[in-house]
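Peer 1: Using the hints, position chain X against chain U.
As you go down the protein sequences, you meet chains U and X in turn. So the first sequence is residues 134 to 402, counted in the working numbering. So the second sequence is residues 134 to 402, counted in the working numbering.
Please note that the accuracy of each hint is not assured.
A pair counts as met if it fits within one copy or between any two copies, since identical chains are not told apart.
Stated by the list, open to error - Below, computed lysine-lysine pairings styled on DSSO-like, alpha-carbon distance capped at 27 Å:
(1) 267 <-> 159
(2) 267 <-> 278
(3) 146 <-> 160
(4) 174 <-> 398
(5) 319 <-> 392
(6) 146 <-> 399
No wet-lab data here; the hints were simulated from the structure. For clarity, every value in this text was computed on a predicted model and none was experimentally measured.
Protein chains: 2
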Amino acid sequence: MTRSELFEQIQRKQSFLCVGLDADPKKRPAHLNGDVLAFNKAFIDATRDLCVAYKPNTAFYEALGLDGMRILRDTIAYIGNEHFIIADAKRGDIGNTSRYYASFAFNTLGADAITVAPYMGADSVEPFLEYDGKWTILLALTSNKGSQDFQPASQDGGQPLYAKVMQRAAEWGSPDQLMYVCGATKAEKFAELRSLTPDHFFLVPGIGAQGGDLEGVCKHGMNDHCGLIVNSSRGILYASDGEDFTQAAQASAKALQEKMAAALKKYLP
Amino acid sequence: MTRSELFEQIQRKQSFLCVGLDADPKKRPAHLNGDVLAFNKAFIDATRDLCVAYKPNTAFYEALGLDGMRILRDTIAYIGNEHFIIADAKRGDIGNTSRYYASFAFNTLGADAITVAPYMGADSVEPFLEYDGKWTILLALTSNKGSQDFQPASQDGGQPLYAKVMQRAAEWGSPDQLMYVCGATKAEKFAELRSLTPDHFFLVPGIGAQGGDLEGVCKHGMNDHCGLIVNSSRGILYASDGEDFTQAAQASAKALQEKMAAALKKYLP
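Okay, chain U solo, but in the shape it has when bound (with noise of 0.2 Å):
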């Protein structure tokens, strides 16, 4: 998917939500049994005409056992190519092995886009790069409380940590081919990471099931193509779990679609 299709696609459906699919084994509805395929399936139904993007973590699909994947891939699969597909796994090493994982997750698995960390520097994040038509998504600021630990440090006397990342990538990659991962306990932070680098899609976690932190995000980070992916996980995916599980994420999934059709309105140039 091109990143004007996908801007197409946040036009037309008004809406810039990836919707997180982390089936924890410990909260699936318990009336279908540990079927994740099918909850899966229920659950993409319910909520896609009011996402972009479906992110799956790999880590859940591991947790599966042996078969894992299979599921994962037989997921991908039924969201089908209207959809962005992102591949949450987080890789990165040599380059020669992050070929590897690049022709699983873009290949293997049909994903659109993988995640990426950065720690070992350009020729681990290059070969996912080299795939035509196909994203990496590169961690920058995480919005977990361990991202304080090394992310911030200004380096060398200059940028923190996470700003030369997103500065040395894009070098590397450019807005049709690379994002980042960017989430922030403040929605003010997105006015310094959006001058960063203007023109590429952010992915953005940790926007609760209320959204509250929406609309500063939006305000601050909006460019011209839209610019966000706003990703809920938890707040749709465990919205109930009983019967009207689907009922329920669809509902939630709705008010957050409804949030962003009124920042589009209110901060798309």
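Peer 2: The following block gives chain X in isolation, referenced to the frame of chain U:
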């Protein structure tokens, strides 16, 4: 495997060799018709007495398709309990998610250790450390070209990123559960790395087939439990791509083991 048990093995075998099991699809001997498990078994039988550890890189098993992890699990089972088995996976995610990666590596695959990327900080690493009797091997200073992009930069005017990672992580995990990936183009660098964390084991990649830097690494990096596991993948695995590949691998591993025996005699305190 405990640190004492690992050290006992090192002394008994006079080896701290780790053999990489990265069965590159492009380089497997033709006469095996792509049977990776058969290749691995023959290769393990040929090297078992000469090494203390095996390190399969998960990317190469993902490259085998949806059944790749089954081949990896069967390979690990074939190795058995006498070797230290490292799932080289370079994982790392928010706490809840890292927990599933840990379970997959330790429970589903049966590995003793997993390699982990530090970018996301403490809460992305700690779930791996919670497994009794299992090991976390954290990326510190890697040996690829891209390691120079972010790892050596001074943090907030102080130590380089790799050193900060090592010292912060030493607060999270003891030398009985945490190791570091430490590569270096110059062996003298190991004096600095060793001073940062005197008691932790280092997993050392990037020693060539000829073992060129091995003596220097030992001179500067060895501690009273040896403290070094030195990996060789391609130099042993692809010593020959013909029907004599087991003999060639064994000869190559034997040459490294003999250098290691000499280094233990010379440098073990």
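Peer 1: If a hint holds in the structure, say so; if it doesn't, say that too.
Peer 2: Okay, the hints, checked on the actual structure:
For a Cα distance limit of 27 Å, the shortest separation of residue 267 from residue 159 across copies, 23 Å, qualifies, whereas the shortest one inside one copy, 32 Å, does not. Taking identical chains as interchangeable, the C-alpha atoms of residue 267 and residue 278 lie at most 27 Å apart only when they sit on different chains, with a minimum of 24 Å there against 30 Å within one chain. Taking the closest pair of Cα atoms, residue 146 and residue 160 never come within 27 Å of each other, the shortest separation being 29 Å inside a single copy and 47 Å across copies. With identical chains, the CA atoms of residue 174 and residue 398 are never at most 27 Å apart, being 31 Å at best within one copy and 62 Å at best between copies.
When the C-alpha separation of residue 319 and residue 392 is checked against a cutoff of 27 Å, the pair qualifies only within one copy, where the shortest distance is 18 Å, while the shortest distance between copies is 55 Å. Within a single copy, residue 146 and residue 399 get their C-alpha atoms as close as 16 Å, which meets the 27 Å cut-off; across copies the closest is 70 Å, which misses it.
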